[in-house]
Amino acid sequence: AQSVTQPDIHITVSEGASLELRCNYSYGATPYLFWYVQSPGQGLQLLLKYFSGDTLVQGIKGFEAEFKRSQSSFNLRKPSVHWSDAAEYFCAVVNMEYGNKLVFGAGTILRVKS
Amino acid sequence: KAGVTQTPRYLIKTRGQQVTLSCSPISGHRSVSWYQQTPGQGLQFLFEYFSETQRNKGNFPGRFSGRQFSNSRSEMNVSTLELGDSALYLCASRGSLAGLETQYFGPGTRLLVL
Chain S
1 AQSVTQPDIH
11 ITVSEGASLE
21 LRCNYSYGAT
31 PYLFWYVQSP
41 GQGLQLLLKY
51 FSGDTLVQGI
61 KGFEAEFKRS
71 QSSFNLRKPS
81 VHWSDAAEYF
91 CAVVNMEYGN
101 KLVFGAGTIL
111 RVKS
Chain E
115 KAGVTQTPRY
125 LIKTRGQQVT
135 LSCSPISGHR
145 SVSWYQQTPG
155 QGLQFLFEYF
165 SETQRNKGNF
175 PGRFSGRQFS
185 NSRSEMNVST
195 LELGDSALYL
205 CASRGSLAGL
215 ETQYFGPGTR
225 LLVL
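Going line by line, the protein sequences match chains S and E.
The first sequence maps to residues 1 to 114 in my numbering.
The second sequence maps to residues 115 to 228 in my numbering.
No lab work stands behind these hints: they were computed from the structure.
No experiment lies behind these values; they were computed from the predicted model shown.
Errors might be hidden in some of the hints.
What the hints assert, rightly or not - Straight line, CA to CA, 27 Å or less: simulated DSS-like cross-link-like pairs of lysine-lysine: (1) S:Lys49 with E:Lys115; (2) S:Lys113 with S:Lys61; (3) S:Lys49 with E:Lys127; (4) E:Lys171 with E:Lys127; (5) S:Lys49 with S:Lys68; (6) S:Lys49 with S:Lys61; (7) S:Lys61 with E:Lys115.
Claimed, not checked - Stretch by stretch, here's where chain E covers chain S in the computed footprint (C-beta under 8 Å, at least three residues): (8) 34 to 47; (9) 93 to 100; (10) 103 to 114.
Each residue gets a CB set at the ideal place from its N, CA and C atoms; glycine is no exception.
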């Protein structure tokens, strides 16, 4: 079965520092991958997605992610974090064996210190 | 385009009662999915409707049910509420059932069962 692992439950970075959130997936073929962000009490907002082609994808709010097939990873990065980036981040993969539903990781809570 | 809307945003119920949540998808989207989000279990898929038919179902008891209307609006019903049903219920819509079709999420309905 397809699965997603986000190894870090919490991450704290200083404002202006770079950020990398890790995501590993389990799937045999080329997966469809997403990163969503959730602010407290809110729904999920799509940051970026990967389907095929260029392995470095750009998203909104200055985020990017790199797909690495050899490592089964899809890590999210941002060169300079802003206080408003504090939120919970979810990596997700499409389960093509089960109606193309989304399977989410457990999430990573990002704290930004000034 | 207006986003996905969910009503009500907050609900308080007591054990044994039933509840109905509503979701209006993005205009033109025919698929509506429901997810339950809890601190312990994370984001879990409940079911998906497309053109008034349930296409996929997650691993939840029969107390959880849903339906979709001809205008693509969807309702989710939970009968005989239990304390463990307290959660944020998220609705998402997409234009088709294709794996690469992005799901757009609403703000959620927060249900508290006392």
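To see whether the hints hold, each was checked on the structure:
1. Note on S:Lys49 and E:Lys115: the hinted pairing holds, with a Cα-Cα distance of about 21 Å set against a maximum of 27 Å.
2. With a C-alpha separation of about 18 Å, the suggested pair S:Lys113 and S:Lys61 falls inside the 27 Å cut-off, and the hint holds.
3. Taken as a hint, the S:Lys49 and E:Lys127 pair is broken in the structure, with Cα atoms around 37 Å apart against an allowance of 27 Å.
4. Between E:Lys171 and E:Lys127 the CA atoms are separated by roughly 25 Å; this keeps the pair inside 27 Å, and the hint holds.
5. Simply put, S:Lys49 and S:Lys68 have alpha-carbon atoms about 14 Å apart, close enough for the 27 Å limit, and the pair holds.
6. A threshold of 27 Å between alpha carbons decides the hint, and for S:Lys49 with S:Lys61 the separation of about 14 Å falls inside it, so the pair holds.
7. Of the pairs offered as hints, the one joining S:Lys61 and E:Lys115 holds, with about 20 Å between alpha carbons and a cut-off of 27 Å not exceeded.
8. Residues of the stretch 34 to 47 of chain S with a Cβ under 8 Å from some Cβ of chain E number 8, which satisfies the need for three, so the listed coverage holds.
9. A stretch counts as covered by a chain when three or more of its residues have a beta carbon under 8 Å from one of that chain; for the stretch 93 to 100 of chain S and chain E the count is 5, and the coverage holds.
10. Evaluation of the coverage hint for the stretch 103 to 114 of chain S: fulfilled, as 5 residues show C-beta separations to chain E shorter than 8 Å, against a requirement of three.
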